[in-house]
Amino acid sequence: MIKSSNELEIMKQSGMISSKAFIEAMKWTKPGITEAQLWAKFDFETRVRGSSILAYVPVIAGGPNALSMHYVRNDMELKNGDLVLVDCGGEYNGYASDITRTWPVNGKFTEPQKELYQAVLNVNKACIKMCTEVNNLSLHGIHSQSVKLMKQELDKIGFAVSSWDLERILYPHHVGHYLGLDVHDLHDLDRSRKLKENMVVTIEPGIYVPFDNKFPKKYQGIGIRIEDNVVIGKQEPYVLTATSPKEIVDIEFCCSNH
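Residues in the sequence shown are numbered from 42 upward in steps of one, following the numbering used here.
Quick caveat, the hints were computed from the structure, so don't treat them as lab data.
Any given hint could turn out to be false.
[Said to hold, decoys possible] PhoX-like cross-link-like pairs, simulated, lysine-lysine; straight-line CA separation at most 25 Å:
| hint | residue 1 | residue 2 |
| --- | --- | --- |
| 1 | Lys170 | Lys149 |
| 2 | Lys166 | Lys155 |
| 3 | Lys53 | Lys155 |
| 4 | Lys149 | Lys189 |
| 5 | Lys275 | Lys71 |
| 6 | Lys82 | Lys44 |
| 7 | Lys275 | Lys44 |
| 8 | Lys120 | Lys189 |
| 9 | Lys192 | Lys259 |
| 10 | Lys149 | Lys258 |
| 11 | Lys53 | Lys166 |
| 12 | Lys259 | Lys149 |
| 13 | Lys170 | Lys68 |
| 14 | Lys71 | Lys53 |
| 15 | Lys61 | Lys71 |
| 16 | Lys259 | Lys120 |
| 17 | Lys189 | Lys258 |
| 18 | Lys170 | Lys53 |
| 19 | Lys61 | Lys44 |
| 20 | Lys170 | Lys61 |
| 21 | Lys155 | Lys259 |
[As the list claims (entries may be wrong)] Restraint-style ranges between C-beta atoms, simulated for each label pair:
| hint | residue 1 | residue 2 | range |
| --- | --- | --- | --- |
| 22 | Val98 | Glu238 | 27 to 37 Å |
| 23 | Asn298 | Ala81 | 18 to 28 Å |
| 24 | Gly73 | Ser179 | 42 to 52 Å |
| 25 | Thr151 | Glu118 | 14 to 24 Å |
Idealized CB from N, CA, C, for every residue including glycine.
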């Protein structure tokens, strides 16, 4: 569970390989390609950089397909004006990476997409900062904070949601899990355990707005998740997936450089 220096070096390389594959996938995305083709592109880009296999069946979800948590049909056409949510990672020397990025199929976020994306990104970045031993938090503790932060972010952009709707509908999954040889490393280990230096976790807040008029219409049908792999530090976290673009300006720049 607590990784050795050799393990962390392998996981750094695994994260770099998958991060580079995300860059290439973003650059290659355009309206009219299929989710399956984007899956194949990502698989190719990880393998040519040394990954032996994808660490798990990926989620390649265009438009409202992203509202399904574990969508793996991956066979629909990507449409102009939609976002695509990609949850994918390669395996390197036995160690998994597990990254999610969400980007516009045509390379440009609409204003509602920007607003919702920035809300999720703010929560992602705030939770990553919590990933230190001195903070004395568990994954459950970080999740509780992520729910509070998500509600604050959504309030700012016009949502008026109850805690029930937030946790059952809009943000129905945990903020993260342990990562290592398995994607869900030590899956039977309680997430209430306090995080210690050199543990590796994912941080993956998300928002999934169904076609339901209790939520603002301009956000309906949008699903966004942003997931990073993080080494717990004594006082500062280390993000293994930092080279995979997630700021809006960086994503749009990447998408524009076909």
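Structure-based check of each hint:
This hinted pair does not check out: Lys170 and Lys149 have alpha carbons roughly 28 Å apart, beyond 25 Å. As the CA atoms of Lys166 and Lys155 are separated by approximately 16 Å, the hinted pair is consistent with the 25 Å bound. Of the pairs offered as hints, the one joining Lys53 and Lys155 is violated, with about 30 Å between alpha carbons and a cut-off of 25 Å exceeded. Pair hint Lys149 plus Lys189 does not hold up; C-alpha atoms about 29 Å apart against a cutoff of 25 Å.
Using a Cα cut-off of 25 Å, the hinted pair Lys275 and Lys71 is violated, with the two alpha carbons roughly 42 Å apart. Of the supplied pair hints, the one linking Lys82 and Lys44 is violated, its CA atoms being roughly 31 Å apart against a limit of 25 Å. The hinted pair formed by Lys275 and Lys44 meets the criterion: a straight-line CA distance of about 14 Å does not exceed 25 Å. Proximity of Lys120 to Lys189 is assessed by CA-CA distance (about 33 Å); at most 25 Å being required, the pair is judged violated.
Between Lys192 and Lys259 the alpha-carbon distance is near 18 Å, which keeps this suggested pair within the 25 Å criterion. Among the hinted pairs, Lys149 with Lys258 is consistent with the structure: their alpha-carbon atoms are about 20 Å apart, no more than 25 Å. Between Lys53 and Lys166 the CA atoms are separated by roughly 19 Å; this keeps the pair inside 25 Å, and the hint holds. For the suggested pair Lys259 and Lys149, the alpha carbons sit about 16 Å apart, so the restraint of at most 25 Å is met.
A threshold of 25 Å between alpha carbons decides the hint, and for Lys170 with Lys68 the separation of about 29 Å lies outside it, so the pair is violated. Between Lys71 and Lys53 the CA atoms are separated by roughly 30 Å; this puts the pair beyond 25 Å, and the hint is violated. With a CA separation close to 18 Å, the supplied pair Lys61 and Lys71 stays within the 25 Å bound. The straight-line distance between the Cα atoms of Lys259 and Lys120 is roughly 17 Å, inside the 25 Å bound, and the hint therefore holds.
Distance restraint check for Lys189 and Lys258: the Cα-Cα separation of roughly 23 Å lies within the 25 Å cut-off, and the hinted pair is therefore satisfied. For the proposed pair Lys170 and Lys53, the alpha carbon gap of about 19 Å is at most 25 Å, so the pair holds. Straight-line distance between C-alpha atoms of Lys61 and Lys44 comes to about 23 Å, which keeps the hinted pair within the 25 Å bound. Among the hinted pairs, Lys170 with Lys61 is consistent with the structure: their alpha-carbon atoms are about 23 Å apart, no more than 25 Å.
For the hint pairing Lys155 with Lys259, the CA-to-CA distance comes to about 11 Å; that is within 25 Å, so the pair holds. For Val98 and Glu238, the hinted distance range of 27 to 37 Å is satisfied, since their beta carbons lie about 32 Å from each other. The hinted window of 18 to 28 Å between Asn298 and Ala81 holds, with their beta carbons roughly 21 Å apart. Taking the beta carbon of each, Gly73 and Ser179 are about 45 Å apart, inside 42 to 52 Å as hinted.
Checked against the hint of 14 to 24 Å, the C-beta distance between Thr151 and Glu118 comes to roughly 19 Å, which is consistent with it.
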